Structures are given as structure tokens and as C-alpha cells.
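Residue numbers (our numbering), protein chains in the order written: chain A, 1 to 241; chain B, 1 to 383.
Hints were generated in silico from the structure; no laboratory data involved.
Be aware that a few hints might be false.
Unchecked claim - Pairs of lysine-lysine residues, derived as DSS-like cross-links and limited to a Cα-Cα distance of at most 27 angstroms, are as follows:
| hint | chain 1 | residue 1 | chain 2 | residue 2 |
| --- | --- | --- | --- | --- |
| 1 | A | K42 | B | K107 |
| 2 | A | K42 | B | K280 |
| 3 | B | K309 | B | K296 |
Unchecked claim - The following residues of chain B were derived to be distant from chain A, with all beta-carbon distances above 12 angstroms:
| hint | residue |
| --- | --- |
| 4 | F16 |
| 5 | D123 |
| 6 | G144 |
| 7 | K280 |
Here the structure is a predicted model, which is why all the values come from computation and not from measurement.
Note that the Cβ used here is the ideal one computed from N, Cα and C, for glycine as well.
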Amino acid sequence: MTARNPQTLMALPAEENFDFLFKIVLVGDCCTGKTSILQRFKTGNYVEKHGNTIGVDFSMKTIEIESKQVKVANNVGPNPINVAVINSFFWEQLQIWDTAGQERFRTITQSYYRANNGVIIVYDITKRSTFANLQKWIEEVRRYTASNVLIILIGNKCDLEAEREVDFEEARQMCQYIPEILFVMETSAKENTNVEDAFRCLATELKRQHDVSNVQELNEQTVQLGQGKPLKSCSSSCNLT
Amino acid sequence: MGADDEVKIDHLPLSFEIPPENEDERSKRLEIEEKLLENPNKNIPLKELCKLALSDYGLVNDDLRRILWPQLAGVDVHSLERAPTLDELQSHPEYNQVVLDVNRSLKRFPPGIPYEQRIALQDQLTVLILRVINKYPNLRYYQGYHDVAVTFLLVAGEEVAYAIMEQLSTTHFSECMEETMEATQRRLMFMWPVVQFEKPELFEFLQRSSVGTLFALPWYLTWFGHSLNSYKDLVRLYDYFLASPMYTAIFVTAAILLYRADEIVKEDCDMASVHCLLSKLPDDLPFEDILKTSSKLYDKYSLTVIEKKVEELIRLEKEQRQLEEKRKRISRAAASKPSYSASKTWFMKILTPKSVIVTTAISIVVGVCAYYYKNQYLAPGIS
């Protein structure tokens, strides 16, 4: 499924079969390794010195995600509610916008935040300033994305332990104060540590959020707590999850 | 840095391969060489020189470019300033950013270049860039500027490259070097009216995909230096741009879109697919034809007409965005206050012109009936 045309790096037709599509944007200071992380995830290769990104670059990759769904079989009749956990597999296409880190390009890249489902903010664990700037990035993301966007934080270059300037614990603690951030993970695009995992976790969460919001929509049409609705408008297959 | 650093580059390395000179290139080269001999101090009158740079194959090879690029840019090679050392410029606030970008510019150096030589050139590149922004504090460095600078450095050497970059930074690239990229963003939109006038169906497709102009940003900022995979095409384009008025890169962009029109409209009409297709320049673009088209387009459409059209486009875009936001706000309000909105929509549904007329008609009929009833049955009783 991950076959690609090596010339254009465009997905081959097989990639077009997917169940869900999510859009993700990669942001963070210059030279934190955004493009390297994305290249590693997409092609499995690592390029020591990438040219810089001017404006935005775009990539996509389709991955398989396992999803646990709780299904309520039936709640009509004398039987108790049957709850079943169903493991299902989905193909998710991730469309990833890789943005330029230089401050000058911000006004331009901001317009690419809008339609995104997920944001990956990258900092460099060997450079304190990239961590200090996270606050700025988070504010930026808050301002320009939808309120339900999922954010993850990536501390890249964790192979350079000797040059570390940001402790993982510190990043974790910071995340506790920023509720939008789903989790923080340290990666190394160079040694291929956690790169796939980071994208996979985000993809799984995106799918979960998608399910939940679907259910919420359903709920809105069915029962509003405290408001009451005639019984007949509540369908027999009320989704209680 | 070390041996393992030996030019490991992108999936698409820049090809420095120069195929053997063809017959036309040979005659063009001989023509230029003759002109150089004719004129004292190897100076060719600017008008003639521009013509040579614009016409097929441009200035043909790098030996000729070394002599003619400074002339094209209006640089006097006999009064060049001495380059300061890197140490003198280290305190510049942009120093770190420039070094980071220069270190990542491996793609732009010919493969097989000795390590020491490359490092020396990279240092020269850093100095060159910092000198310009040091001298003109109102000009801001942008990522991509080094892609332009390295082209001149490799062809013309440190001092001449600086003089050319100084010249270009205050003219062609001055807009890009402003505090923000807003002016550049607006300038990129100049491609749309040209496409619209030439191929309305292509314009309509691109607008519908909402692809925006960002695919062309690196092209404009680096005169295609960042995006091309063939060194030969790259320097050929630089001949053309040096001899052309400002904003010509926009017309080349439009010419590329027009050339690829059939291919583009076959793509899925969504932002991601179209951006993906457009941002990757095919290796076999017939640049000589594209440059001819570009010159034709430049002569055909005045910048004032284009600008007016762009203003209209910006206004339309703004209106559309506002409309969308309004729609979103309404749907959000509807979602958060279902009971209120439900009663409101119920009321609005009732309040159609038809219902108003029917209600009025019924009331009149009832009134007339009551009057009639009163006259007919109640009146005798009273009297």
C-alpha cells in the first residue's frame, strides 16, 4: 500500500483506497527537523542535510489503523443491553503540510492551518530556544485552527543525548498546563526512533475523535439532557457510547 | 562535519550535467564571442546584451556568463569592495539563520567538489549574504535568498556576486525582503489575471481547487533556483531574468501553468492534489518556449490592468471568506442552541409570503362573513 512513484513521490493509485482522510500540519522553529521527520515517515529514508522549506511542502501517506469500537447491539425488549467491543481496521490517509520555520513565512503559512485536523509542533531537544518558542507556536495554532484540533508535541534529535538542553520531564510538565496537547514524544528522524509511532498515535486519536464527534452529532438529533423529546423521535438504536 | 557529510542530498539532486553544445548553441556562442571582441573592454551595449540574454539559449555557457552577468546587472567590476571576513559579521542578528541555511545548501554545489573547497565557498556565501543585509538594514533576509546568491557565487566569484546581489536586492528582490511577505503574496496573485485572460477554463479550475499561490512562492523568491533539477536550465533562466524587468518571474509562472494546462485540469480538483502537481516542476519543461510565451504575456498585458483585476480578486476572496465565516457562525449557533434555533426556524418557515397572504385572505373572509351574518340574522331581531 505504500508504493510510490519515485520520480514524483506521488501516491500510486493503490494509495487512493482509504476510509478516512485527515489533514495534519507540521510547525516549529527552523531546523528542528520537520522535513526530516516527514521524510522518514513517508519514505523511510533519512537525509542528513535537507534543503530548507520555502513556504509549504506537501506529502501524503496512507496507513492502517486499528480501531476499537464499542457497539451497542440492541436495547429494545426485555434483554439487557448487549455491548460488544469490535476491533476493526481502517485505512487512513494523512495529508501532511510541512511548513517553513522562518518567522517571515508565518503570515503565509497561517492560511494552511485552517482546515487541519491535527497539528504537530516540533522542537529540537538540543536547542533550548526552540523549546522556549513553543508558547508562541501554541498561541499561533490556537488562533488559526478550529477549536477541536488535536496537537501533539515532538522533541526531535533525541539521538544527540550529549547535546541535550531540554529534559523530557520538563516537556511533559509543560504539557500538563496546556490541555490542547495530546501528548509529547521524543523522536529521532536520524535513528528512526518513535517517528512512525508519533504519526500513528495521532492518526488513532484523530479517528477516535472523528467517531466521538459523529456520535455527538447523533446525540444532538436524539436526546438532549434536560430538554426532553417525544419518545417516538428517539430511534430504537440509540447510541449510548 | 566530516567524510560522512559527503554530499548526501535530496531525492532529486541538482544535475550539473551539461550536454555537448548543439549547432544553435555553437552559433550563439560564436556570435557572443564576436561581439565581445568587437567592443572595447569586452563591454557589450546593454540593449544588445539584453537581446542576447533573452533570445534562445541565453548566454550559452558559464564562461560567458562570468563576463556578462555583471554587465547585465549594471555592476562595475573594476570598483569592487573588499569582502570583510566572517568574524566581522558574526554579531549580525541574522547570522545564525544564514549559517543554518547555507549549511543546508549542499544541493546547490556541484557533486564531487572537494570538501575544503565547498566549505570555503559556503563561508563566502554566508559573508556575501550578511554583507548585503548589513549594508541595508531595511532589507530582511529570507530563506531562499541564499539560493539566488549561491548561483552568482558559483559563476562569478565572491566580489562580483556581492555586487550583483546588492543590485538585485534593491530592485528585483526588494519586495521579497520587506518586513513581511504580504507584498510578495499579493504579487504572486498577478499570475491569476494572466491565466484568466489566456485560459479561462484553467483559471476556473485552479480557483475551484483553492490551491492558492504558495506552490509558486519558491519559484518567485529564488528565480526557480530552489526548485529546478537541472543546473543548465537554472542558469539559462538567470540570463533571462537578469535581462528582464521586475516581476518577470510571475509571467514565467503563468507561462508554465498555461503550458501544463491540459495536464492540470485532469488532476483531482482539490487543494492537495493540485498543489502537489504544480509544485513539482517536470524535468522536461521546454524552457525556451516557455520564456518566449512569458515575454509575449508581459508585452500583452499591462501591469495596471493586472493589478486592477488582482484587487477585484482579493475583494471577492474576502467576501467569500466572510460569507463562509458567517455561515459557520450560524451553524455553530444553531448547534449550540438547538431549541432556540428550532423555534426560530419553525417561525421563519411559517412566515413565508404565501402563508401571509393566505392568513390575510382568511381573516378578511371571516370578517365579511361575520358582517353578513350580523346584518342578515341579528339586525331584524334588534329592530
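Hints versus structure:
1. Proposed proximity of A:K42 and B:K107 is supported: the alpha carbons are some 21 angstroms apart, at most 27 angstroms.
2. Of the supplied pair hints, the one linking A:K42 and B:K280 holds, its CA atoms being roughly 17 angstroms apart against a limit of 27 angstroms.
3. Distance restraint check for B:K309 and B:K296: the Cα-Cα separation of roughly 19 angstroms lies within the 27 angstroms cut-off, and the hinted pair is therefore satisfied.
4. At the 12 angstroms boundary, the C-beta of B:F16 stays outside the reach of chain A, the nearest C-beta of that chain being 16 angstroms off.
5. No Cβ of chain A comes within 12 angstroms of the Cβ of B:D123; the nearest lies about 16 angstroms off, and the non-interface call holds.
6. For B:G144, the non-interface assignment is contradicted: its Cβ lies about 5 angstroms from the closest Cβ of chain A, within the 12 angstroms cut-off.
7. Annotated as non-interface, B:K280 brings its C-beta within 12 angstroms of a C-beta of chain A; the closest such distance is 6 angstroms.
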